[in-house]
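The lines below spell out each chain.
2 protein chains.
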Amino acid sequence: MTTESTLVDAALRSWKLGADRISKFFAEQTEEQLQRELAPGRNRLIYILGHLTAVNDAMLPLLGFGPRLHPAWDDIFVKNPDGTAVKVPSGEEVQRAWKEVDAALQTHFAALTPAQWIEKHASVSVDDFAREPHRNRFSVLLSRIGHMQQHLGQAVLAEPRK
Amino acid sequence: MTTESTLVDAALRSWKLGADRISKFFAEQTEEQLQRELAPGRNRLIYILGHLTAVNDAMLPLLGFGPRLHPAWDDIFVKNPDGTAVKVPSGEEVQRAWKEVDAALQTHFAALTPAQWIEKHASVSVDDFAREPHRNRFSVLLSRIGHMQQHLGQAVLAEPRK
Chain A
1 MTTESTLVDA
11 ALRSWKLGAD
21 RISKFFAEQT
31 EEQLQRELAP
41 GRNRLIYILG
51 HLTAVNDAML
61 PLLGFGPRLH
71 PAWDDIFVKN
81 PDGTAVKVPS
91 GEEVQRAWKE
101 VDAALQTHFA
111 ALTPAQWIEK
121 HASVSVDDFA
131 REPHRNRFSV
141 LLSRIGHMQQ
151 HLGQAVLAEP
161 RK
Chain B
1 MTTESTLVDA
11 ALRSWKLGAD
21 RISKFFAEQT
31 EEQLQRELAP
41 GRNRLIYILG
51 HLTAVNDAML
61 PLLGFGPRLH
71 PAWDDIFVKN
81 PDGTAVKVPS
91 GEEVQRAWKE
101 VDAALQTHFA
111 ALTPAQWIEK
121 HASVSVDDFA
131 REPHRNRFSV
141 LLSRIGHMQQ
151 HLGQAVLAEP
161 RK
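As you go down the protein sequences, you meet chains A and B in turn. For the first sequence, the numbering used here gives the first residue as 1, with consecutive numbering after it. For the second sequence, the numbering used here gives the first residue as 1, with consecutive numbering after it.
Watch out, some of these pointers could steer you wrong.
[Stated by the list, open to error] Quick list of the computed label-pair ranges, beta carbon to beta carbon:
1) B:1 <-> A:103: 31 to 37 Å
2) A:16 <-> B:156: 22 to 28 Å
3) B:1 <-> A:13: 21 to 27 Å
4) A:86 <-> B:99: 43 to 49 Å
5) A:13 <-> B:23: 25 to 31 Å
6) A:107 <-> B:106: 44 to 50 Å
7) A:110 <-> B:116: 25 to 31 Å
8) B:83 <-> A:106: 37 to 43 Å
Please keep in mind that the hints were generated in silico from the structure rather than gathered at the bench. All C-beta atoms in this analysis are idealised placements derived from N, C-alpha and C, irrespective of residue type, glycine included.
With the rest of the complex left out, here is chain A (with noise of 0.2 Å):
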């Protein structure tokens, strides 16, 4: 492998590592532990695997990769606090989009040369790239991948302390 190869590799183990103990995490929870809010007051469980779900799905567009795979759930779990929507997902709903969107995810990850995961990303205009290169997909990818670690440290909380 090259340098530039190996560098792309190891965040793409530290992705797989944190999407992996995400998904062992909840695949323990039962239906009614989904339900259980972190603290009084703060997001349920179920909220928090949404929200990872409907953050990562976002990447499919932001990355070039197409469409999302469910557009609606930025209402649900992203733009609004958890609570407030009618109608949530059943946890095995929820789930099972969690392992849709990472298969589909790490499927196009796997396709990218380390030139492509430098090239901009889907918000940033070719002018303010030219200024600002670090606006890459490689910068989306950590930064989805912190933002799935601040989650699941903060899910961990919610096991009974033994």
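Once you have looked at the hints, place chain B on chain A.
Structure of chain B alone, referenced to chain A:
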């Protein structure tokens, strides 16, 4: 910038973003607030910042930059849970150490070439590294960025609900 240096630059920006968010969050806490638990029976904020400082401090020898600045802190903030140490440094001491460690790390980070980032870290043998070239400095960097995000996600939950 070359592809490889753009990839490294993205990760260093991600580090700086995460570390700066932590500095800002903790700088806004009073000594009293630092003693607050995340939730009953959970870690105090001061323990989280001490933990992040100790784990990042250990990157100095792990990445070949030199000895640790606070070797004794592993016992207080990593090997033992919160509430067990006889004497814990004050909030002011922990805040100062956090900044010193981060400044030292960022200075060393900036001096590495992309080829040096994919060299082995100090905890893997030459033989193991030949088989597992992903056990490199860059992977340690990404892993610790995730570690910071995970604990920052938890720390913000200690903020009173607005």
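Item checked: Hints breached by this structure -> Number 6 - this is the single hint that the structure violates.
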